[in-house]
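*Asks:* From first to last, the protein sequence lines are chains A and B.
For reference, each letter of the first sequence is one residue, going 1 to 492 in the working numbering.
For reference, each letter of the second sequence is one residue, going 1 to 103 in the working numbering.
Derived by calculation from the structure, the hints in this document are not laboratory data.
This one's a predicted model, so the numbers in the text were calculated from it and none came from an experiment.
For glycine and all other residues, C-beta sits at the position ideal for the given N, C-alpha and C.
Some hints could be false.
[To be verified] Derived DEER-like restraints, expressed as beta-carbon distance ranges:
| no. | chain 1 | residue 1 | chain 2 | residue 2 | range |
| --- | --- | --- | --- | --- | --- |
| 1 | A | K62 | B | D68 | 17 to 25 angstroms |
| 2 | B | R12 | A | G331 | 31 to 39 angstroms |
| 3 | B | L80 | A | G450 | 54 to 62 angstroms |
| 4 | A | Y367 | B | P5 | 15 to 23 angstroms |
| 5 | A | G444 | B | K36 | 40 to 48 angstroms |
| 6 | A | Y367 | B | T65 | 42 to 50 angstroms |
| 7 | B | L80 | A | K333 | 55 to 63 angstroms |
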Amino acid sequence: MRSARDIARGVAAREFSAESVTREALGVIVRENSRVNAFTQVFHDFAIEQARRVDEDVAAGKPAGPLAGVPIALKDNICLSHGRTTCASRMLENYHSPFDATAARKLINAGAVVVGKTNLDEFAMGSSTEHSIFGPTRNPRDVTRVPGGSSGGSAAAVAAGMVPVAIGSDTGGSIRQPAAFCGLVGVKPTYGRVSRFGLVAYASSLDQIGPLARDCADAALVLDVLCGKDDHDATSADLPPPASLANVDEVLPGLVLGVPTQAWSPANHAGVTTALESSIAAYKKLGAKVIDIDLPLSDYAVAAYYIVAPAEASSNLARFDGVRYGRRAEGAKDLTDMLCKSRREGFGPEVRKRIMLGTHVLSSGYYDAYYTTALKVRRRVKDDFDAAFRAGCHAVLMPTTPGPAFAIGEKIGDALAMYMEDVYTVGVNLAGLPALSIPAGSMGASAAGGACVNLPIGVQLVGRAFDEARLMRIARMLERATDFAPAHAGGA
Amino acid sequence: MHEHPISIEHVRKVAALSRLAITDDEAAAYQHDLAKVLGYIDRLRQLDLAGVEPLVNVGDVRDRTRADEPGPTLPTRTLLDMAPESFEQFVRIPKVQGDGGGA
Numbered sequence: 001m002r003s004a005r006d007i008a009r010g011v012a013a014r015e016f017s018a019e020s021v022t023r024e025a026l027g028v029i030v031r032e033n034s035r036v037n038a039f040t041q042v043f044h045d046f047a048i049e050q051a052r053r054v055d056e057d058v059a060a061g062k063p064a065g066p067l068a069g070v071p072i073a074l075k076d077n078i079c080l081s082h083g084r085t086t087c088a089s090r091m092l093e094n095y096h097s098p099f100d101a102t103a104a105r106k107l108i109n110a111g112a113v114v115v116g117k118t119n120l121d122e123f124a125m126g127s128s129t130e131h132s133i134f135g136p137t138r139n140p141r142d143v144t145r146v147p148g149g150s151s152g153g154s155a156a157a158v159a160a161g162m163v164p165v166a167i168g169s170d171t172g173g174s175i176r177q178p179a180a181f182c183g184l185v186g187v188k189p190t191y192g193r194v195s196r197f198g199l200v201a202y203a204s205s206l207d208q209i210g211p212l213a214r215d216c217a218d219a220a221l222v223l224d225v226l227c228g229k230d231d232h233d234a235t236s237a238d239l240p241p242p243a244s245l246a247n248v249d250e251v252l253p254g255l256v257l258g259v260p261t262q263a264w265s266p267a268n269h270a271g272v273t274t275a276l277e278s279s280i281a282a283y284k285k286l287g288a289k290v291i292d293i294d295l296p297l298s299d300y301a302v303a304a305y306y307i308v309a310p311a312e313a314s315s316n317l318a319r320f321d322g323v324r325y326g327r328r329a330e331g332a333k334d335l336t337d338m339l340c341k342s343r344r345e346g347f348g349p350e351v352r353k354r355i356m357l358g359t360h361v362l363s364s365g366y367y368d369a370y371y372t373t374a375l376k377v378r379r380r381v382k383d384d385f386d387a388a389f390r391a392g393c394h395a396v397l398m399p400t401t402p403g404p405a406f407a408i409g410e411k412i413g414d415a416l417a418m419y420m421e422d423v424y425t426v427g428v429n430l431a432g433l434p435a436l437s438i439p440a441g442s443m444g445a446s447a448a449g450g451a452c453v454n455l456p457i458g459v460q461l462v463g464r465a466f467d468e469a470r471l472m473r474i475a476r477m478l479e480r481a482t483d484f485a486p487a488h489a490g491g492a
Numbered sequence: 001m002h003e004h005p006i007s008i009e010h011v012r013k014v015a016a017l018s019r020l021a022i023t024d025d026e027a028a029a030y031q032h033d034l035a036k037v038l039g040y041i042d043r044l045r046q047l048d049l050a051g052v053e054p055l056v057n058v059g060d061v062r063d064r065t066r067a068d069e070p071g072p073t074l075p076t077r078t079l080l081d082m083a084p085e086s087f088e089q090f091v092r093i094p095k096v097q098g099d100g101g102g103a
């Protein structure tokens with residue numbers, strides 16, 4: 001599979017057709033999806049139809065969009081008026097959205113061809129893509145392992161060479177952690193950068209939509225398309241898109257990176273520490289100044305996150321009542337009984353647990369002790385990052401995850417172990433900052449049958465608010481100076 | 001890490017507030033699971049947060065007004081077709097009065 005940039009350029013120049021590219025992608029999906037289970041739905045006819053429209057427009061001399069003919073996959077919590085929008089939940093198993101999410105509309109208007117919807121942890125709640133009515137997605141690098149989550153289907157689709165780019169959502173690390181586990185670049189934009197209109201809400205003060213790609217330039221290309229003010233999302237910022245692709249290949253002179261002391265946690269796998277050291281060495285070789293910083297509140301970010309996110313989820317998911325859409329239980333004796341039974345049947349165990357947790361922390365007598373406390377911690381988490389930027393850092397460099405992809409089933413019975421996957425990522429959502437994960441090496445691990453596999457490791461770069469263009473350049477410097485990215489299926 | 005004491009009665013109350021049907025076995029499982037997560041969350045008590053202003057949302061959350069002009073909306077039929085049960089121009093629901101009435 002060619003890069004998204006090559007596809008868009010080639011389709012615009014009529015070197016090859018969007019239809020041929022789309023057929024190639026659909027062929028890989030047919031071949032690979034039974035192995036990794038990345039898709040909840042594949043839109044064969046709809047994809048060909050979209051591709052032909054792109055080819056017709058190009059043939060008619062209309063200006064080709066920046067994503068002309070690029071096959072793309074959408075996480076199945078992003079509304080599309082074609083197919084179903086399931087959130088991998090029984091609640092929305094048969095839900096047909098009557099409208100397109102703004103992000104989906106922008107991609108299609110830019111010429112992208114939506115080939116399908118990807119698997120996720122139900123309502124984006126999870127770090128492994130195991131909590132899904134469609135069954136777990138498998139990591140293409142080692143199918144006995146998880147791809148990360150909750151955007152695991154999108155990550156697996158790109159890593160398996162089914163699509164060059166895919167779209168995910170990130171509330172506490174759900175783009176960056178799967179990118180790290182699958183050897184990809186995954187970007188969570190600044191809060192407010194991308195409209196969430198049509199993204200099924202999990203935690204509204206944290207959710208952002210962003211791209212997963214094989215390299216920084218493809219990620220920048222898609223990011224630029226996604227960004228922008230939208231009247232349908234009052235939190236979207238009134239700023240022009242970052243134009244991050246334009247200068248992505250330019251090296252930044254005078255780059256200063258901050259590495260928090262907390263990044264060297266003894267809980268890290270050895271491979272993670274090595275990847276961080278290699279990244280620091282590579283940046284120093286490129287002339288960057290790397291300074292030690294302190295993010296003292298980062299040890300408390302997970303605890304604050306698991307108050308704020310469930311609190312917002314308990315409120316957001318109140319809309320699923322079996323009245324206007326979604327699942328309705330049979331045989332209820334009255335309205336309240338119908339609500340309780342429909343929600344019991346419709347939501348899986350992790351979603352129910354987070355709703356319960358959120359309702360508890362917001363309930364009378366507990367609100368101040370939990371919710372208000374978490375919001376104060378949130379302020380301090382943001383202040384810590386702000387202090388690092390005031391000290392001159394252009395970005396903060398740290399691990400994306402404490403370890404590589406874990407085995408399917410390994411953490412599903414231990415919620416706290418699963419939540420600790422988010423230790424390096426949730427603070428960024430609390431602070432609303434842009435961040436990305438980029439491949440930074442790999443570590444050997446044993447696979448089924450005594451074989452050995454190389455599991456990708458990612459590092460995370462956190463930027464200043466709305467500074468995506470610089471963040472993408474900083475990441476691109478590392479990508480071009482090293483061979484950390486794994487060899488990709490079909491060649492990158 | 002100490003276990004946070006929450007009673008089965010409180011678990012049932014939270015389930016009712018969450019509009020989630022719950023069995024006895026599930027109540028016991030939730031009591032255990034929630035206690036474990038809340039026990040971890042209790043580490044926040046170690047922090048001195050006096051004088052810190054809570055941060056609800058990092059974005060620009062001012063109210064935004066717009067002209068009150070009619071625009072395109074989804075057709076009524078489309079919306080009614082999404083409902084599990086509808087009747088003429090209405091969404092049909094079970095009776096509101098009853099044991100669980102006043103929801």
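*Asks:* Would you mind marking each hint as holding or not holding in the structure?
*Replies:* These are the hints, each one checked on the structure:
no., hint, result
1, A:K62 <-> B:D68: 17 to 25 angstroms, "violated, 36 angstroms"
2, B:R12 <-> A:G331: 31 to 39 angstroms, "violated, 22 angstroms"
3, B:L80 <-> A:G450: 54 to 62 angstroms, "holds, 59 angstroms"
4, A:Y367 <-> B:P5: 15 to 23 angstroms, "holds, 18 angstroms"
5, A:G444 <-> B:K36: 40 to 48 angstroms, "violated, 33 angstroms"
6, A:Y367 <-> B:T65: 42 to 50 angstroms, "violated, 30 angstroms"
7, B:L80 <-> A:K333: 55 to 63 angstroms, "violated, 25 angstroms"
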